[in-house]
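Chain B: place on chain A using the hints.
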Amino acid sequence: MDAMNSGGSHIGIVLLLVIPFAGGVLCLLEKGMRNFRIARITAVLAVSAVTAVVFVLLPAVLRTEYLAYSLGAFGGPVGIELKIDGLAWIGAAVGSVIGLAAVLYSIGEGISDPYYYTLLLIMTGGMIGVVITDDLFTMFVLFEIVGVAAYVLIAYTGKRTALLAALRYLILSSIAMAVYLFGVFALYQETGFLSMTRLKTVVGDIDQRTVRLVLAALFTGIATRAALVPFHAWLPEAHAAAPHAISALLSGSMVKVSFIAVWRVVALLDTGSYRRILLWLGAAMALAAVARALCQSDAKKLLAWHTVSQMGFIVAAFGAGTPGSQSAAVYYVVAHALFKALLFLVVGATITAGGERDVYRASGYMRTYPGLFVLFLLGAFSICGIPPLNGFAAKKLVLQSLDSGSARVVYALLWATAVGTAASFIKLSAIFWRRPPGEARGRPEAAPGAAGEARGRPEEVSGPPGEVRGRPEKAAGAAGDAPESPDRRHIPVLVYVSAGILAALCIATGVNPGFWQGLLSALLHGHSAAAGVSVSPVYTLSGIIESIGALALGAVLYLALRTRRGRLVTARIKNVTVSFDGAAILVVLGFVALGGLAFLGS
Amino acid sequence: MAAYVLIMVLFLVGLWAVLAKRNLAKKIIGLSLLNTAVVILFVFAGGKDAETAPILLGSPGLIADPLPQALMLTAIVIGVSVTALALGLVYRLYLKFDTLDIRQIEKALHGRDE
Chain A
1 MDAMNSGGSH IGIVLLLVIP FAGGVLCLLE KGMRNFRIAR ITAVLAVSAV
51 TAVVFVLLPA VLRTEYLAYS LGAFGGPVGI ELKIDGLAWI GAAVGSVIGL
101 AAVLYSIGEG ISDPYYYTLL LIMTGGMIGV VITDDLFTMF VLFEIVGVAA
151 YVLIAYTGKR TALLAALRYL ILSSIAMAVY LFGVFALYQE TGFLSMTRLK
201 TVVGDIDQRT VRLVLAALFT GIATRAALVP FHAWLPEAHA AAPHAISALL
251 SGSMVKVSFI AVWRVVALLD TGSYRRILLW LGAAMALAAV ARALCQSDAK
301 KLLAWHTVSQ MGFIVAAFGA GTPGSQSAAV YYVVAHALFK ALLFLVVGAT
351 ITAGGERDVY RASGYMRTYP GLFVLFLLGA FSICGIPPLN GFAAKKLVLQ
401 SLDSGSARVV YALLWATAVG TAASFIKLSA IFWRRPPGEA RGRPEAAPGA
451 AGEARGRPEE VSGPPGEVRG RPEKAAGAAG DAPESPDRRH IPVLVYVSAG
501 ILAALCIATG VNPGFWQGLL SALLHGHSAA AGVSVSPVYT LSGIIESIGA
551 LALGAVLYLA LRTRRGRLVT ARIKNVTVSF DGAAILVVLG FVALGGLAFL
601 GS
Chain B
1 MAAYVLIMVL FLVGLWAVLA KRNLAKKIIG LSLLNTAVVI LFVFAGGKDA
51 ETAPILLGSP GLIADPLPQA LMLTAIVIGV SVTALALGLV YRLYLKFDTL
101 DIRQIEKALH GRDE
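First to last, the sequence lines map onto chains A and B.
Taking the numbering used here as reference, the numbering of the first sequence is continuous, increasing by one, and the terminal residue is 602.
Taking the numbering used here as reference, the numbering of the second sequence is continuous, increasing by one, and the terminal residue is 114.
If you are wondering where the hints come from, they were derived from the structure by calculation, not from laboratory data.
Just so you know, even glycine gets a beta-carbon here, dropped at the ideal spot from N, CA and C.
Be careful, since some hints might not be right.
Okay, derived cross-link-like pairs now, DSS-like style, lysine-lysine, Cα gap no bigger than 30 angstroms in a straight line [stated by the list, open to error]:
| id | chain 1 | residue 1 | chain 2 | residue 2 |
| --- | --- | --- | --- | --- |
| 1 | A | Lys31 | B | Lys96 |
| 2 | B | Lys48 | A | Lys574 |
| 3 | B | Lys26 | B | Lys107 |
| 4 | B | Lys96 | B | Lys26 |
| 5 | B | Lys96 | A | Lys574 |
| 6 | B | Lys48 | A | Lys159 |
| 7 | B | Lys26 | A | Lys31 |
| 8 | A | Lys159 | B | Lys107 |
| 9 | B | Lys107 | B | Lys21 |
| 10 | A | Lys31 | A | Lys159 |
| 11 | A | Lys574 | B | Lys107 |
| 12 | B | Lys21 | A | Lys159 |
| 13 | A | Lys159 | A | Lys574 |
| 14 | B | Lys107 | B | Lys48 |
| 15 | A | Lys200 | B | Lys48 |
| 16 | B | Lys96 | B | Lys107 |
Label-pair ranges, simulated between beta-carbon atoms [what the hints assert, rightly or not]:
| id | chain 1 | residue 1 | chain 2 | residue 2 | range |
| --- | --- | --- | --- | --- | --- |
| 17 | B | Lys26 | A | Ile545 | 56 to 62 angstroms |
| 18 | B | Leu57 | A | Gly110 | 56 to 62 angstroms |
| 19 | A | Gln208 | B | Asn23 | 39 to 45 angstroms |
| 20 | A | Ala267 | B | Ala20 | 34 to 40 angstroms |
Extracted from the complex, chain B is given alone in its bound form:
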């Protein structure tokens, strides 16, 4: 149960960073935390204490359910690519605005359409 609470905390910290931090780079870190929390949730709930890794060499003993782990490998890869892309966008924004602060960026754009 404590583990679930920790995962929840991790998720909320990530969410807080995305919503409340003014620095775009910190928002992206928040997104990463958010994603990681869900990944940990899948992997943690997907296996129990006595189970071993789902590698079938000999007779299958007590193994963890391989599906959540396989899914999370995919989710991690996606998370990394999205983070990389997001950082690329943030860098381009920095080059245009000379700041990472979202409020200043929005202020600089103010009056421009919306």
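Same shape as in the complex, but just chain A:
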């Protein structure tokens, strides 16, 4: 059975796990030899090597349905099989490229702690492992490996919010993983298999109610990692509190590989109802999360809510279930990984250098950091769906695939989300173009906006006492670094390099969508089937008009929210928060609802 469609064993597959894990251990050698930058060198080499191996594997993956490797040559039902098919390859590619950018950026930011790089490599390796394993229990182990590394990295700064965010994530995913294990148990009792390839052959023979219950359990476990509503409540805090490179890694790749795992489990066990749920859930969560994003005052929390919102696009496209929508979903996975990681890195670098992360107070970064502004614009244009960047192509493909029947409602909801996205990125971009308050007073006619913000500020200022205490230090540090201008800080070259790589990829995957769509379809459905999926043109006049329309309406929405009433609404939505216990209760309720569905369904 195994040999049927397999391209045989390939040593490269196991290297994808060995290189990052071994690299992670090697980084620790720096503890003994402090004079050498072993950790940083090893980290760069390891992620570069993994990226290289991933791309070396591409032709082989394209030739066959999948490549397999049996760990320890055990074989049979007890062995652990690694398997790379098209979907897994895409996950591995995303994981390794974002990992590379994250490592370069961390070095640029001057992080030298070997433990940090060890954990970063382990997390990258674990994420690749999650997508290439064929075995549900091994997937659990790898999820926990990713998780443990992620908890520590989120808490890395040691700030109060970071510690609490890490603990919240730990508790949520531990509950979810216990539920996941229960699903694994039920499946093993019923079939005696844990390998997804083997399960596929027997899943039709077992009691459908059990299958649905198992799916509910597995889905709860993985969807918590993928931050699908209602399992998402850990994400905004964790993304906002983590070091910038880790935010990029969490948002760019961890959430994506978890979604790929959701994809596999749903594809394996679902008989149709989950996809229908996901179609609507995706639309709802895209819109709800963008409303939350629009109301945030913390720059990184705003980006974090956008991750939930953008996952909605992906989930909705996946839920639509047609071959075209599947490749659109994958396109969106790749595009969002690239532009969201870019945005986190650029905004992170800007607020670190500028010392102010409140969207209402930061100003004038365009003049101090023009390079970062250009990179930010590329990312922001991409997420807002402006041609010729990959966000435009991805958004159009998703919307096109939903343009029929009742899915048109989803189409409309997602388009409304695009309006909100545009509005919130206009809001975020104000940290670059808004004039510093002192200047605004000097030239009142030039900056009515800044004056308006100044009026709006008192509501927001009440905030964080701890953070305010922290700020003067940072400002002082900035002044010390660059004597020629008091608020200008040197941006390390590697920060530009890492963000530049991602920006270049955003452009590269945007200008020629036909090619990428063809490649992704071939990876996803195989060459013969891919030929049947029509590669629809993305750069149509109506598509561009739709994009411009969303942008214009977004600008209107932004202006509307700047009015007095708008600010009240914003503040109200911002204050709706989920408590620590509430987040965990949401996960449990989500599972109970899905489990209930298993019994209610025919």
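Quick look at chain B alone, frame taken from chain A:
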């Protein structure tokens, strides 16, 4: 059947502790119980009364399925490491806030972003 009910009770007690206890250390104990309940479930269902341990020395008699036991060894190790990490985080939080009560911690953070 009674055993399954007991396991279920253990699971629910753990879940209740995680969700309802205000003390963070007790929440972590709850997580441990949750994890243990699943481990016991695997091990209990993985073997029947007459079966012996799956150690193949001579001729294999009636042995328990070794796979669930092997899996659970891994799960136990993971559970221990996650618990240790969680306790580390809780301790750091205690140092910052001088309390283990989650509501007080959230109150102390209130007004701070979210």
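Hints, verified against the model:
At roughly 28 angstroms between alpha-carbon atoms, Lys31(A) and Lys96(B) fall within 30 angstroms of each other, so this suggested pair holds. A hinted pair counts as satisfied when its Cα atoms are at most 30 angstroms apart, and Lys48(B) with Lys574(A) does not qualify at roughly 55 angstroms. Our distance criterion of 30 angstroms between C-alpha atoms is met by Lys26(B) and Lys107(B), whose separation comes to about 19 angstroms. Distance restraint check for Lys96(B) and Lys26(B): the Cα-Cα separation of roughly 18 angstroms lies within the 30 angstroms cut-off, and the hinted pair is therefore satisfied.
For the proposed pair Lys96(B) and Lys574(A), the alpha carbon gap of about 26 angstroms is at most 30 angstroms, so the pair holds. A distance of roughly 50 angstroms separates the Cα atoms of Lys48(B) and Lys159(A); the hinted pair therefore is violated under the 30 angstroms criterion. Annotation: proposed proximity of Lys26(B) to Lys31(A) is violated, straight-line Cα distance about 35 angstroms (limit 30 angstroms). Annotation: proposed proximity of Lys159(A) to Lys107(B) holds, straight-line Cα distance about 16 angstroms (limit 30 angstroms).
For the hint pairing Lys107(B) with Lys21(B), the CA-to-CA distance comes to about 16 angstroms; that is within 30 angstroms, so the pair holds. In summary, the hint linking Lys31(A) to Lys159(A) is supported, as the alpha carbons are separated by about 24 angstroms, within the 30 angstroms threshold. This hinted pair checks out: Lys574(A) and Lys107(B) have alpha carbons roughly 17 angstroms apart, not beyond 30 angstroms. Note on Lys21(B) and Lys159(A): the hinted pairing holds, with a Cα-Cα distance of about 24 angstroms set against a maximum of 30 angstroms.
A hinted pair counts as satisfied when its Cα atoms are at most 30 angstroms apart, and Lys159(A) with Lys574(A) qualifies at roughly 22 angstroms. About 51 angstroms separates the Cα atoms of Lys107(B) and Lys48(B), which puts this hinted pair outside 30 angstroms; it is violated. The suggested pairing of Lys200(A) with Lys48(B) holds, with an alpha-carbon distance near 28 angstroms, which does not exceed 30 angstroms. Using a Cα cut-off of 30 angstroms, the hinted pair Lys96(B) and Lys107(B) holds, with the two alpha carbons roughly 13 angstroms apart.
Separated by about 58 angstroms at the C-beta atoms, Lys26(B) and Ile545(A) satisfy the suggested range of 56 to 62 angstroms. Here the CB-CB span from Leu57(B) to Gly110(A) is close to 58 angstroms, well matched to the stated 56 to 62 angstroms. Taking 39 to 45 angstroms as the suggested C-beta distance range, the pair Gln208(A) and Asn23(B) conforms, at roughly 42 angstroms. Checked against the hint of 34 to 40 angstroms, the C-beta distance between Ala267(A) and Ala20(B) comes to roughly 37 angstroms, which is consistent with it.
Comparing the model with each earlier hint shows violations of hints 2, 6, 7, 14; every other hint is respected.
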